[in-house]
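Just so you know, the protein sequences line up as chains W and S, in that order. For the first sequence, the residue numbers in our numbering are 9 to 87. For the second sequence, the residue numbers in our numbering are 2 to 569.
Rather than coming from a laboratory, the hints here were simulated on the basis of the structure. Beta carbons: idealized from backbone N, C-alpha and C, even for Gly. Take these hints with a grain of salt, some might be off.
[Said to hold, decoys possible] Quick look at which bits of chain S chain W covers, simulated, 3 or more residues with Cβ under 8 Å:
no.	stretch
1	437-446
2	484-493
[What the hints assert, rightly or not] Below, a sample of chain W positions facing chain S; criterion: calculated Cβ distance under 8 Å:
no.	residue
3	28
4	31
5	32
6	82
7	86
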Amino acid sequence: MDIHVKLLGFLSQQATGEDHPTGMIVDLPQDATVSDLLDYLNIDSAGDSVVISAGRIIRPQDRLPENSRITIFPVVHGG
Amino acid sequence: MKFIKVDMTTQDVTIIEVPEKFTGFGGRELTSHFINDQVPPDCNPVGADNKLILAPGILSGTSLVNTGRLSIGAKSPLTGGIKESNVGGTIAHHLARMNVAAVTIEGQPRDDRLFILRIDENGKATLIDASGYKGLRTYRLVAKLTERYGRKNGILCIGPAGESLMNIASIQASDTDGRPCRAAGRGGLGAVMGAKGIKAIVVDAQKKKPVTLADPENFKESAKKFASAIRAVPFSGKALPAFGTAALMGPVNSLGAFPCYNATQGVFENWEKIGGEALAARIQERGGKTLHSGCSQCIINCSNEYVDETGAYVTSSLEYETLWAAGGMCGIDDLDVIARMDYLCDDIGVDTISTGVAIAIMMDAGRLKFGDGEAALGLMEEINRGSKSGHLLGSGPVAVGKHLGHSRVAACKGQSIAAYDPRGIQGMAVTYATCPMGADHTAGNLIGESLSGKIDPLVSEGQVALSRNKQLAVAGIDALGLCLFTAAAASGDILARLVNAKLGTSLTPQDLENRWRRIVEVELEFNRKAGFTRKDDRLPDFFYREPLPPHNKVVQITGDALDRTFDF
Chain W
9 MDIHVKLLGF
19 LSQQATGEDH
29 PTGMIVDLPQ
39 DATVSDLLDY
49 LNIDSAGDSV
59 VISAGRIIRP
69 QDRLPENSRI
79 TIFPVVHGG
Chain S
2 MKFIKVDMTT
12 QDVTIIEVPE
22 KFTGFGGREL
32 TSHFINDQVP
42 PDCNPVGADN
52 KLILAPGILS
62 GTSLVNTGRL
72 SIGAKSPLTG
82 GIKESNVGGT
92 IAHHLARMNV
102 AAVTIEGQPR
112 DDRLFILRID
122 ENGKATLIDA
132 SGYKGLRTYR
142 LVAKLTERYG
152 RKNGILCIGP
162 AGESLMNIAS
172 IQASDTDGRP
182 CRAAGRGGLG
192 AVMGAKGIKA
202 IVVDAQKKKP
212 VTLADPENFK
222 ESAKKFASAI
232 RAVPFSGKAL
242 PAFGTAALMG
252 PVNSLGAFPC
262 YNATQGVFEN
272 WEKIGGEALA
282 ARIQERGGKT
292 LHSGCSQCII
302 NCSNEYVDET
312 GAYVTSSLEY
322 ETLWAAGGMC
332 GIDDLDVIAR
342 MDYLCDDIGV
352 DTISTGVAIA
362 IMMDAGRLKF
372 GDGEAALGLM
382 EEINRGSKSG
392 HLLGSGPVAV
402 GKHLGHSRVA
412 ACKGQSIAAY
422 DPRGIQGMAV
432 TYATCPMGAD
442 HTAGNLIGES
452 LSGKIDPLVS
462 EGQVALSRNK
472 QLAVAGIDAL
482 GLCLFTAAAA
492 SGDILARLVN
502 AKLGTSLTPQ
512 DLENRWRRIV
522 EVELEFNRKA
532 GFTRKDDRLP
542 DFFYREPLPP
552 HNKVVQITGD
562 ALDRTFDF
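For reference, chain W alone in the conformation it holds in the complex:
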């Protein structure tokens, strides 16, 4: 299935194939999880990255919704 991925911040700078702000299409198996996507993108799933789908944070073990639009960025703090 195709997943539309947008990387923000320094994740965008270190990813290959990501065209900010358009994003990139990633082809993954139907039952792929967030963790699979992070592995594909070479982003540490135990790290400080946030994965968002439809405005909600999704976890590494969550299955990716089909044709979903995913945004990934490092944790930020306010102030």
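Please build the complex by placing chain S on the supplied structure of chain W, with the hints as guidance.
Just chain S, lined up with the frame of chain W:
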């Protein structure tokens, strides 16, 4: 350590030893204890009985990184309560190195004379007639003061808004490049400075020797660890240096918690045009500066220098909160326009957040069109002209809402919220509602906790405790003179080691926590004496009634829950 005590009624300047009850205090700890102890809570904020206090942090003036924050305290003209407004730049560093724990300014000139307070390399303070500087905007003022006193000074100053005692007047601080572009923006303390007849404070910057340490070796070791920890945190070590605070734009919009079009939407459709990535790209292609250092001792370098198409300076530093207030909140998606609005705020001397929110209310009420940047800029110029509409805007968002009969005013205790909608991040409802300073994004911001999975931002459970703990921790960061962006690296253990090595104390992390809690307690005490009740710890009605797209949530934190926030 000493206080420089300035009496503007008599124009006497005296140097006194730090009174025993304030010994060992710094930053917000000192300003809040001092205001609660010394200022009549029912006084007129722009009258003779209010006092203005400037205090470097406990760790300012040392070799420790990111200790360049200055706390400025007074009773706020905007909220009517206690205020600590925090600013970077270089002044805190210079004052601390002269062993100045605080500058206190009281009384009021009997006429409308203006003064410069000059503090020389020996810490000697003198009041100098400043009638020739009356009405000057801050950039012109600082250029003239630099011409007169030389480049090696740190400057705090007010613009025309402060002289006119406007509620949203800021105190501008010069950055490491000598520009008056850092702001103690919140709470209208520029009006207090104006009411004292002080146009600027010029502090000599030539004293290079760090302050004395009780245990230099331990301090050095802990300072090194602290700096490494700051660099190791991805936000302070990578995101802020690359994108500045605008790095928050994407995450907050992605979460649906970016209040825009006067807090009627949670995602700004054009946020990518004004986000961190676009800002950094624009600055770099035009030859401006990212990775810019605005404050003394900074290793994060979140500041920037925005330039126009010809490479000429426009403003510094273009920050997330301004990109929100002047941008998304007003429906403006043009970085060049927002940069001009930012410059104008600094130059006239007003808070960018309050200004943007007040303009957004006017737009929402139909007085201007959302997205009309030129109209917004024109309106801001009215502040400088002192026209009726300028005075209204300078009175702040709540005054604008009342005048227009418009009830969608995103403020609490008279001060507007910032770039995190409490319907999209429920914990911010607690912080905005209960913070003694009024709605304040720096007092207990829970975006990091919401993103890192500590809490679901859309549920109410657990938010009160999280906000309470964060508000107390931030009071400590402010007391120490640390930049808030070091917070993720600032464990209780390392902070206790640093404080002990500086002061020669044996404080535990728990001792420090108790002191930070006491800061908030005295702030609440002042506000109670000033007439605040629990009814003031509530957000405006629309946050409970109008669901915010895309999650279509309202604030779910109950009044009872809010009342338990500081139920110590």
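Now the hints, each set against the structure:
Coverage of the stretch 437-446 of chain S by chain W holds in this model, with 3 residues showing a Cβ closer than 8 Å to a Cβ of that chain against a need of three. Residues of the stretch 484-493 of chain S with a Cβ under 8 Å from some Cβ of chain W number 4, which satisfies the need for three, so the listed coverage holds. A hinted interface residue such as residue 28/W counts as satisfied when its beta carbon comes closer than 8 Å to some beta carbon of chain S; here the least separation is about 6 Å, so the hint holds. Interface restraint check for residue 31/W: the shortest CB-CB distance to chain S comes to about 11 Å, outside 8 Å, so the restraint is violated.
Interface restraint check for residue 32/W: the shortest CB-CB distance to chain S comes to about 15 Å, outside 8 Å, so the restraint is violated. Contact between residue 82/W and chain S, as hinted, is supported at the beta carbon level, the nearest pair being about 5 Å apart and thus within 8 Å. Taken as an interface hint, residue 86/W checks out: its beta carbon lies about 3 Å from the nearest beta carbon of chain S, inside 8 Å.
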